[in-house]
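A.B. asks: Here's the letter readout for the chains.
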Amino acid sequence: MKKLLTGNEAIARGAYEAGCVVAAAYPGTPSTEILENIAGYQEIYAEWSPNEKVALEVASGAAIGGARALAAMKHVGLNVAADPLFTMAYEGVNGGLVIVTADDPGTHSSQNEQDNRYYAPHAKVALLEPSDSQECKDFVKAAFALSEEYDLPVIIRVTTRVCHSKSLVELGERAEIGVKPYSKNVQKYAMTPAHAKVRHVIVEEKLGDLQAAAEQSPFNRVEWGGRTKGIITSGISYQYAQEVFGEEASYLKLGLTYPLPEQLIREFAAAVEEVFIIEENDPYLENSIKALGVECKGKALLPVCGELNPGIIRQAFFPEMIKAENGESIEKAEKPEGNSQAELSIPGRPPVLCAGCPHRGLFYALSKLKDVVVSGDIGCYTLGLTPPLGVTDTVICMGASISAGIGLEKAFQQGGVPRKVFSCIGDSTFFHSGITGLVDAVYNKSKICVVIMDNRITAMTGHQVNPGTGRTLQGEETTALDLEQLVRAVGIKTENIRIVDPYHLAETEKAVREAEAAQEPFVIITRRPCALLKDVQRARAGISCMIAPEKCKKCKACLKIGCPAIAVKEGQVLIDQTACNGCGLCQQVCKFGAIAKVGE
Amino acid sequence: MQEEKQKKMPELNMGKKNKTKLENKALLLVGVGGQGTILASKVLSEGLVKQGYDVKMSEIHGMAQRGGSVTTQIKFGKKIYAPIVGAGEADVIVAFEKLEAARYLFQLKKMGTLIVNDHEIYPLPVLLGQQQYPDNVLSVLEKQVGKRIGQLKVLQANTIAVELGNVKAQNIVLLGTVIKALGLEDLDWAEVLKEFLPLKLHELNIKALEAGLRL
Ligand SMILES: Cc1ncc(C[n+]2csc(CCOP(=O)(O)OP(=O)(O)O)c2C)c(N)n1
Numbered sequence: 001m002k003k004l005l006t007g008n009e010a011i012a013r014g015a016y017e018a019g020c021v022v023a024a025a026y027p028g029t030p031s032t033e034i035l036e037n038i039a040g041y042q043e044i045y046a047e048w049s050p051n052e053k054v055a056l057e058v059a060s061g062a063a064i065g066g067a068r069a070l071a072a073m074k075h076v077g078l079n080v081a082a083d084p085l086f087t088m089a090y091e092g093v094n095g096g097l098v099i100v101t102a103d104d105p106g107t108h109s110s111q112n113e114q115d116n117r118y119y120a121p122h123a124k125v126a127l128l129e130p131s132d133s134q135e136c137k138d139f140v141k142a143a144f145a146l147s148e149e150y151d152l153p154v155i156i157r158v159t160t161r162v163c164h165s166k167s168l169v170e171l172g173e174r175a176e177i178g179v180k181p182y183s184k185n186v187q188k189y190a191m192t193p194a195h196a197k198v199r200h201v202i203v204e205e206k207l208g209d210l211q212a213a214a215e216q217s218p219f220n221r222v223e224w225g226g227r228t229k230g231i232i233t234s235g236i237s238y239q240y241a242q243e244v245f246g247e248e249a250s251y252l253k254l255g256l257t258y259p260l261p262e263q264l265i266r267e268f269a270a271a272v273e274e275v276f277i278i279e280e281n282d283p284y285l286e287n288s289i290k291a292l293g294v295e296c297k298g299k300a301l302l303p304v305c306g307e308l309n310p311g312i313i314r315q316a317f318f319p320e321m322i323k324a325e326n327g328e329s330i331e332k333a334e335k336p337e338g339n340s341q342a343e344l345s346i347p348g349r350p351p352v353l354c355a356g357c358p359h360r361g362l363f364y365a366l367s368k369l370k371d372v373v374v375s376g377d378i379g380c381y382t383l384g385l386t387p388p389l390g391v392t393d394t395v396i397c398m399g400a401s402i403s404a405g406i407g408l409e410k411a412f413q414q415g416g417v418p419r420k421v422f423s424c425i426g427d428s429t430f431f432h433s434g435i436t437g438l439v440d441a442v443y444n445k446s447k448i449c450v451v452i453m454d455n456r457i458t459a460m461t462g463h464q465v466n467p468g469t470g471r472t473l474q475g476e477e478t479t480a481l482d483l484e485q486l487v488r489a490v491g492i493k494t495e496n497i498r499i500v501d502p503y504h505l506a507e508t509e510k511a512v513r514e515a516e517a518a519q520e521p522f523v524i525i526t527r528r529p530c531a532l533l534k535d536v537q538r539a540r541a542g543i544s545c546m547i548a549p550e551k552c553k554k555c556k557a558c559l560k561i562g563c564p565a566i567a568v569k570e571g572q573v574l575i576d577q578t579a580c581n582g583c584g585l586c587q588q589v590c591k592f593g594a595i596a597k598v599g600e
Numbered sequence: 001m002q003e004e005k006q007k008k009m010p011e012l013n014m015g016k017k018n019k020t021k022l023e024n025k026a027l028l029l030v031g032v033g034g035q036g037t038i039l040a041s042k043v044l045s046e047g048l049v050k051q052g053y054d055v056k057m058s059e060i061h062g063m064a065q066r067g068g069s070v071t072t073q074i075k076f077g078k079k080i081y082a083p084i085v086g087a088g089e090a091d092v093i094v095a096f097e098k099l100e101a102a103r104y105l106f107q108l109k110k111m112g113t114l115i116v117n118d119h120e121i122y123p124l125p126v127l128l129g130q131q132q133y134p135d136n137v138l139s140v141l142e143k144q145v146g147k148r149i150g151q152l153k154v155l156q157a158n159t160i161a162v163e164l165g166n167v168k169a170q171n172i173v174l175l176g177t178v179i180k181a182l183g184l185e186d187l188d189w190a191e192v193l194k195e196f197l198p199l200k201l202h203e204l205n206i207k208a209l210e211a212g213l214r215l
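For the record, the sequence lines run as chains A and B.
Heads up: the first sequence is residues 1 to 600, going by our numbering.
Heads up: the second sequence is residues 1 to 215, going by our numbering.
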């Protein structure tokens with residue numbers, strides 16, 4: 001039976017069919033749906049781990065224990081999980097170990113555009129790159145077998161377009177592999193310096209064997225067409241190349257991209273007039289192929305930055321044809337904004353904090369303080385950066401709000417600058433990698449204020465449960481982490497902890513002012529579930545705010561909270577009743593009592 | 001089974017160029033987070049599979065829920081490679097919101113079909129009063145008819161859906177319009193639609209679909 005599946009659904013299906021029994025991940029676009037789909041297969045134990053390092057270690061332990069195990073993450077997640085990755089290459093596996101990294105060329109929803117293919121040669125593990133959903137499923141199955149055969153972890157590298165595109169997939173049956181017996185083997189599974197010396201040699205040997213096998217691998221195939229252009233490509237770039245060149249060119253389509261099939265590449269290059277490398281982002285294939293002494297062109301024609309598409313390839317190879325076909329009037333795909341041909345100035349549509357978002361109250365309160373620096377983090381609350389709130393100063397990576405906040409504060413202190421630092425972090429991000437930063441703040445006597453924005457869920461990536469929620473990925477009830485207790489346990493004094501409802505502005509403002517004055521590490525927990533949670537929506541249905549036009553002085557103070565439910569239409573300030581959930585923040589900032597709450 | 005279905009593929013009338021890609025069509029559904037573009041795309045893609053086409057659908061929904069633009073791209077034909085639609089490549093664009101029609105017009109193939117829902121959702125710069133929501137979107141688009149745009153179809157999907165009982169069904173009204181624009185009415189789309197919705201929503205949405213197909 002053929003089904004239309006996204007790449008992520010197909011990866012989950014592949015894990016199921018391969019007999020995978022343990023899967024772990026931390027959410028992150030574009031990888032999130034892999035575990036969400038795996039969780040639907042009762043045969044597989046699936047968990048949201050607090051971060052990617054934990055996820056990969058859970059999967060690694062399971063693989064040592066004899067289970068086929070998978071860990072999935074977005075590209076930056078593999079940075080967090082890099083430590084176990086590098087050493088698992090030395091330890092090898094018992095049950096197969098597959099790591100999915102979902103890269104995001106074009107930074108559709110990420111803080112960078114890193115090309116994770118480099119991790120494979122760096123960590124010395126195998127690398128597979130599927131180019132559509134069918135391959136996603138097939139490659140995951142093959143990866144488990146490969147991992148066991150060569151005793152190595154295998155990375156599957158996908159990209160946003162592979163993860164989030166649907167194409168047809170032939171479904172198969174699950175192979176019940178079971179869990180292999182485990183026997184103690186400290187030389188292999190306990191990586192001391194003495195063992196590592198020996199294992200490093202073994203890893204190099206295994207990679208040599210795998211490299212020889214890559215020459216015959218069914219995942220590396222030649223498709224002969226015209227011989228003037230020979231294209232070497234992998235992943236989604238293969239689809240783009242096919243679309244542009246069709247049968248005009250010949251293709252060496254690489255599925256196994258580490259180790260590379262060197263002989264096959266040389267033979268292919270010798271059989272065509274000119275070799276082109278078509279790949280997105282970094283010249284990973286190009287540099288390796290040039291190192292073989294094979295002459296080829298890649299990044300001389302195609303960009304390193306941004307997402308690739310057939311249009312860019314066409315532009316690079318056939319610029320005259322493009323002009324002739326479309327005339328001058330069509331702008332490049334890269335800049336939809338300010339479409340001049342339509343004689344319009346088109347306002348952009350930047351993302352905003354939702355109407356009723358509990359993060360808004362805190363940011364509004366912070367916007368009233370002078371001389372504060374806000375060290376931000378990653379989540380919905382990154383939008384505290386955008387106007388009209390615009391309070392956030394810095395964003396690096398998950399967890400950095402606290403630790404970079406400590407650094408900021410130390411720098412200001414050393415420089416004699418009296419500026420207070422607030423570190424704003426979401427609940428999921430705090431569990432991910434904020435706790436160690438808080439330990440540092442206490443240990444090294446930092447005077448920062450950490451605000452944990454506890455909306456009870458991982459909202460940004462689509463409402464995944466987390467250790468504070470009280471429920472697991474597969475729907476079981478579990479202990480909910482107690483934030484106050486944790487904060488107290490690391491050494492924050494009780495008098496330096498405030499728990500506030502961010503819908504309550506006076507309370508939030510008071511806490512923020514007290515924090516500003518504090519000379520010791522301080523924690524504010526803003527607690528209020530995400531407004532988009534089904535339960536919350538149900539409970540607040542019918543509640544909304546309304547502006548009494550006769551009382552409204554049109555001072556527009558309510559617009560300063562940046563709520564998408566409030567707008568000026570024909571000179572009147574209006575609240576869109578269907579969008580508003582009655583959080584009441586606008587009511588609290590209105591000096592004229594013109595806003596009332598209805599439906600409560 | 002697959003072979004048999006392929007024969008029933010309706011003839012698609014394409015431009016003169018690109019003979020090799022004669023059977024392939026590309027469409028774009030654009031809107032704002034929460035408008036149901038993704039559901040409409042899923043139903044459409046599933047129906048196209050049932051008609052025996054090779055189908056690829058791609059969506060970008062990063063921060064969509066937070067008021068951003070949402071686009072889904074669907075390509076279908078005999079054999080599809082790239083899942084994405086480039087500049088000047090869409091045979092049909094369906095804009096669930098007026099401003100989005102203008103924003104993505106550059107992706108319409110010369111003389112392609114543009115379907116526009118005459119509905120406004122203010123982006124943040126407009127809400128804040130920093131920028132104006134242009135009042136001439138439709139007239140500018142109309143001026144392009146016969147130059148860039150082959151056929152322009154403007155409808156009030158929201159009003160129609162409200163009359164049918166719930167504004168949320170506007171996406172299915174628009175779905176009906178696209179099906180008609182692509183000449184794909186042969187399939188029992190109501191059956192496909194039902195696969196994606198709970199029973200209690202069937203009646204409303206089938207009515208919405210029919211309304212769209214009539215326009
Ligand atoms: C290392 C890493 N993993 C995953 C992500 C993706 N990601 C960004 S924010 C976020 C979660 C945010 O949740 P939370 O901190 O609870 O804030 P909320 O969105 O709920 O406000 C995730 C998973 C990332 N950017 N970096």
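Among these hints, one or two may not hold up.
[Said to hold, decoys possible] Pairs of lysine to any residue, SDA-like flavour, derived with a Cα cap of 25 Å:
no., chain 1, residue 1, chain 2, residue 2
1, A, Lys188, A, Gly172
2, A, Lys3, B, Glu191
3, A, Lys534, B, Gln51
4, A, Lys556, B, Gly36
5, B, Lys180, B, Val167
6, A, Lys2, A, Gly172
7, A, Lys2, A, Lys229
8, A, Lys124, A, Ser217
9, B, Lys200, A, Pro387
10, B, Lys200, A, Asp535
11, A, Lys556, B, His202
12, A, Lys560, B, Met111
13, A, Lys124, A, Asn185
14, B, Lys79, A, Asn185
15, A, Lys560, B, Glu191
16, B, Lys110, A, Lys560
17, B, Lys168, A, Arg540
18, B, Lys143, B, Tyr133
19, B, Lys194, B, Glu163
20, B, Lys98, A, Ala579
21, A, Lys534, B, Val126
22, B, Lys42, A, Gly172
23, A, Lys229, A, Leu264
24, B, Lys147, A, Lys124
25, A, Lys3, B, Leu187
26, A, Lys368, A, Val395
27, A, Lys553, B, Lys194
28, B, Lys42, B, Leu204
29, A, Lys554, A, Pro387
30, B, Lys147, A, Arg314
31, B, Lys78, A, Leu483
32, A, Lys554, B, Gly165
33, B, Lys78, A, Lys554
34, A, Lys534, B, Gly52
35, A, Lys2, B, Gly52
36, A, Lys554, B, Gln130
[Said to hold, decoys possible] Derived Cβ-Cβ restraints for the label pairs, each shown as a range:
no., chain 1, residue 1, chain 2, residue 2, range
37, B, Lys194, A, Lys299, 31 to 41 Å
38, A, Ala145, B, Lys194, 32 to 42 Å
39, A, Ile497, B, Asn136, 54 to 64 Å
40, A, Pro193, B, Gly34, 19 to 29 Å
Hints were generated in silico from the structure; no laboratory data involved.
Here a beta-carbon is modelled for each residue, glycine too, at the ideal position from N, C-alpha and C.
A.B. asks: Need the status of pair lysine 368 of chain A, valine 395 of chain A: alpha-carbon distance at most 25 Å?
C.D. replies: Distance of about 21 Å is within 25 Å: holds.
A.B. asks: CA of lysine 110 of chain B to CA of lysine 560 of chain A, is that 25 Å or under?
C.D. replies: Outside the cut-off at roughly 43 Å; violated.
A.B. asks: CA of lysine 554 of chain A to CA of proline 387 of chain A, is that 25 Å or under?
C.D. replies: holds (20 Å)
A.B. asks: Decide if the proposed pair is consistent with the structure: lysine 3 of chain A and glutamate 191 of chain B, CA atoms, cutoff 25 Å inclusive.
C.D. replies: holds (17 Å)
A.B. asks: Range first: 31 to 41 Å. Now tell me if the beta carbons of lysine 194 of chain B and lysine 299 of chain A are that far apart.
C.D. replies: violated (49 Å)
A.B. asks: Is the straight-line distance between the alpha-carbon of lysine 79 of chain B and that of asparagine 185 of chain A 25 Å or less?
C.D. replies: violated (51 Å)
A.B. asks: Decide if the proposed pair is consistent with the structure: lysine 556 of chain A and histidine 202 of chain B, CA atoms, cutoff 25 Å inclusive.
C.D. replies: Distance of about 43 Å is beyond 25 Å: violated.
A.B. asks: Lysine 534 of chain A and glutamine 51 of chain B: Cα distance at most 25 Å?
C.D. replies: violated (36 Å)
A.B. asks: Holds or violated: are the alpha carbons of lysine 98 of chain B and alanine 579 of chain A at most 25 Å from each other?
C.D. replies: holds (19 Å)
A.B. asks: Just to be sure I understand the hint, the distance between the Cβ atoms of alanine 145 of chain A and lysine 194 of chain B should be within 32 to 42 Å; is that true here?
C.D. replies: holds (40 Å)
A.B. asks: Does lysine 168 of chain B pair with arginine 540 of chain A here, judged by a C-alpha cut-off of 25 Å?
C.D. replies: Distance of about 19 Å is within 25 Å: holds.
A.B. asks: Hint check: lysine 147 of chain B vs lysine 124 of chain A, CA-CA at most 25 Å. Holds or violated?
C.D. replies: Violated, because 56 Å separates the two Cα atoms, which is more than 25 Å.
Comparing the model with each numbered hint stated earlier shows that hints 1, 3, 4, 7, 9, 11, 12, 14, 15, 16, 21, 24, 27, 31, 32, 33, 34, 37, 40 do not hold.
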